[in-house]
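Trainee: Dock chain V against the given chain F, drawing on the hints supplied.
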Amino acid sequence: MEIDLKERVSYTLQINDRTYAVEDVEPRLLLADVLRDFLGLTGTHLGCEHGACGACTVLADGRPIRSCLTLGVGAKGLALQTVEGLAPNDGPLSRLQDAFWEEHGLQCGFCTSGMLMTATFFLREHPKPSRKEIREALSGNLCRCTGYQNIVNAIERSAQDLGENYS
Amino acid sequence: MNARQRRIEDPALLRGNIPFVADLHFAGMLEAVVVRSIYAHAMLDVVNVQPALESPGVKTVVTAMDLPSACGPIPMRLSPSSELEAALQYPLARDRVRFVGEPIAVIVAGSRYEAEDARPGVEVRYRPLTATTNVRQAMKNPVLFDTLDSNQVYQHRQYHRLVESKEPDPTLRQLHLSFSIQRHTAMPLETRGLVAVPEDGRITVYGATKVLHFNRRVLAGFLGLDVTAVRLVEVAVGGGFGVRGEFYPEDYLIPWLALRLQRPVRWIEDRLEHLQAANHSRQQEHEVDVSYDDTGRIYHLHDEIIVDTGAYIRTHGVTVPELTQGMLPGPYRWQEVDTQLRVVLTNKTPTGTYRGPGRFEGTFVRERVMDAIASTLHLDPLTVRQKNLLTVDTLPFSHGMQALGEEIVWDSGDYPLALAQAAHLMAKEEFPRRRAAASARGRRRGLGFAMFVEKSGLGPWEDCRVAVDADGRFTCWTGLSTLGQGTMTALTRILAETWGVSASQIRIVHGDTDQVPESHGTFASRATVMGGSAAFYSARTLKSRLQALAAPLLEAHPEDVILTDRGAEVTGVPTVAVSYKDLVEESVRQALPLDVTERFSASAMTYPYGVHGCELEVCPNTGMIQIVRYGVVYDVGRAVDRDLVKDQIVGGVAQGIGGALLEELAYDEQGQLVTGTLMDYLLPGFCDVPEIAVMITEVAPATSNPLGIKGAGEGGAVGVAPAIANALADALNAPPEAFTTLPLRPQDILRWSRMDQLPGKGAKR
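If you read the protein sequences in the order shown, they are chains F and V.
Just remember that our numbering sits 46 ahead of the position in the first sequence, which is counted from 1.
Just remember that our numbering sits 3 ahead of the position in the second sequence, which is counted from 1.
Chain F with its partners taken away, still in its complex shape:
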């Protein structure tokens, strides 16, 4: 796909099983900025804007990507999932979110969306992880508050709660 950088573009994005229209925007807009500033999905946070901290992680076709290093227009055709898609607004938290709550897997909560998205992907691939596997899988996400221990506890708890039935 070729894009003229001076042309404004309109496109649609599939996010959390909904279709969002992004209308008449510059093609250079980052996916994170599209989500946050144009679609109001501000649960995805920006910690560094250079791909180092992982706070902005979202899932694209089930796999984690850095939304600060992805153009919005480049996410066309991908099934995106953000933190807002983990639990319905008026419904209960997901098991993973609930495990974070139970285990104090967050303090300020700024990195949490990225942690949840990376862990969601990881637990699908590794339903019964060891603590070492959890640490390695999440090592692309930084947290400055918790010292990580409670995040590992939360992911471990979530995996135990899910047992064999996770798909």
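Source of the hints: derived by calculation from the structure; they are not laboratory data.
For each residue, glycine too, the CB sits at the ideal point set by N, CA and C.
Hints should not be assumed to be uniformly reliable.
Stated by the list, open to error - Covered stretches of chain F, as calculated for chain V (at least 3 residues, CB under 8 Å):
1. 66–72
2. 146–156
Stated by the list, open to error - For each label pair, taking beta carbons as the anchor points, the in silico distance ranges come out as:
3. 176/V <-> 97/F: 21 to 31 Å
4. 408/V <-> 176/F: 24 to 34 Å
5. 696/V <-> 97/F: 27 to 37 Å
6. 73/F <-> 9/V: 18 to 28 Å
7. 134/F <-> 500/V: 25 to 35 Å
Mentor: Structure of chain V alone, referenced to chain F:
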């Protein structure tokens, strides 16, 4: 697994539907970008903003020339001192820049993309001056400020002798060690940010935190407005650790621009700006001399402390240097303490507090010295510590040192017990076996400890207002901020336990200067001690009023009346109750309001303490280390919520590991910050932080507050560097002068590892 008390802050954070400042949108909102100096030291000859003004979407570009005269330099909040006034920072550089990242201009445009596009259009003609990048050079180089005689902007000697002076005993041993601690800082995951919204002659600023009321006074003064016309609002905050929430240049510039343009203006710092412009911390050099006898008894502590404070004095004044000095002696009995402090200006980012300010540095120095003394005597480092620790019967105790305007008096504690507990927590008895097993695998294993005394509960006072309505809903208004610690969970717990009602009946209002008239804020591990005690007092008063109102209706003594979610009842008689509706009506009738404000005042801080233990393995070929066991014993006096205390300790240890091993704000000789991304400035990750065992004890309740609590925010960070350094020295049988420079890098470790393998060395194991 034990069920933890769930934090009230968490559900919204987990859903991602509570706004942080960068999530806020207002109709007509503009965005600002700050243009910063690319030179460490230069005269500003010409700043031409015309090309930027012509860039698409740009609404205005301002420089120092546009600022009103009411806008002076940013004042000191803590430890103010008149000799420092000359080195305060103005919101925008006027004729000279003194560090890379210093604000020169602000561009406001329709979007951040447009504002950044316009940035090259701010043309700055610099005339470079010699950059001063280290403190030794700074003593000789030309002064950074024409009104100063020297770049040594502050000095302070604190000398105290415990016993009647005697001639120096010539039989005492002497040890001299040089220490250096690298520049690093808090680095919260959320950068700073503000949204300023003008409305009806008032200005509302979102994104404030920590010290809202102080910042409101400064901002109102600069804007020439009454404080009532300025409202500061805290939204969700992505970590503070000392750096966030101080009054920075942008805290004036953004509200001022919003008023000038009569439009909401948003500024969100990027990570490079944060690295360049938010407070740095920690950089110090220490020249230490100690004397001690052959049994390991310590006598004299002399330390010359040189602090690289950066290019300007910021809101903390000389808080960090003074705390380093004042708390240096630690939990030991020194006969004589002599400290000379020098605070020196350099062309680097200005500095402020970071979790455990002054104690991270001073604890590293003192605790490494204790192990060094032990190694010269071939004694166990814990034996040397036990010999010199202040004992229960000697507390309260003061070395006569001062910091934060008060004398440092260790109030209560059982230091020897904590040290014994730490040895047990770290399974020290069985360590020789573990060392031998590691040795068989070709790895060197070491065990190191560090003791610390922390401070908390800085006064002077904190207020709390509580009220109950006819539906039995309790509301609490507090001036405290929550930057991730779970402060509102802790307050709710204090209130719920005092009243005997469910946490779900309690709502906390905080972080809004329109809702809370005054507060000293959330810093220095003061929130739960000060605000929690105020909450307890106000809750107790409200409860006694409810009891007094209910007692006649229940035909009972007030002391026998208890509160529930439904109302008041007599203890043991749950069938008869008075509803909150009736109690509110009764309160109106008797003119006894169910809306109470109480103040808690404290004239002195209270001092928690503890011990860090670290066991690690060194690969002798690469110098890489693996921390295999880490433990902290922490006496918090009384814990409001032990899990929240543990969370603070574990998180603090992780930051301490960053400071000990990884993090450095490095500069080149021209004063360029060369660690400008999170790929150069290394934060500890999942695989860098080990599992941490925390033992919370409640041996020594504070005597200065009704709950007996001491703060918990900083003790996790302050003992890490010496515990690791001592463990390394133990593993490699290294001499006293080893591991006195932070961060502890693999190349330094390798150097001492090779020394250890020389013939004749290391034979004792």
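Trainee: Range hint 18 to 28 Å: satisfied by the CB atoms of residue 73/F and residue 9/V?
Mentor: The hinted range 18 to 28 Å is violated for residue 73/F and residue 9/V, with Cβ atoms some 44 Å apart.
Trainee: Count the residues of the region 66–72 of chain F whose CB lies closer than 8 Å to any CB of chain V, then report whether that count reaches three.
Mentor: violated (count 1)
Trainee: Using the beta carbons of residue 696/V and residue 97/F, state whether their distance is inside 27 to 37 Å or not.
Mentor: 34 Å Cβ-Cβ, so the 27 to 37 Å window holds.
Trainee: Are residue 134/F and residue 500/V spaced within 25 to 35 Å by their CB atoms?
Mentor: holds, 34 Å
Trainee: For the range 24 to 34 Å, tell me whether the beta carbons of residue 408/V and residue 176/F fit it or not.
Mentor: Taking Cβ atoms as reference, residue 408/V and residue 176/F lie about 52 Å apart, which means the hint is violated.
Trainee: Determine whether the Cβ-Cβ distance between residue 176/V and residue 97/F falls within the hinted range of 21 to 31 Å.
Mentor: Between residue 176/V and residue 97/F, where Cβ atoms are some 54 Å apart, the hint is violated.
Trainee: Residue count check for the region 146–156 of chain F against chain V: does it reach three with CB-CB under 8 Å?
Mentor: holds (count 10)
Violation of the numbered hints given earlier is confined to hints 1, 3, 4 and 6; the remaining hints are satisfied by the structure.
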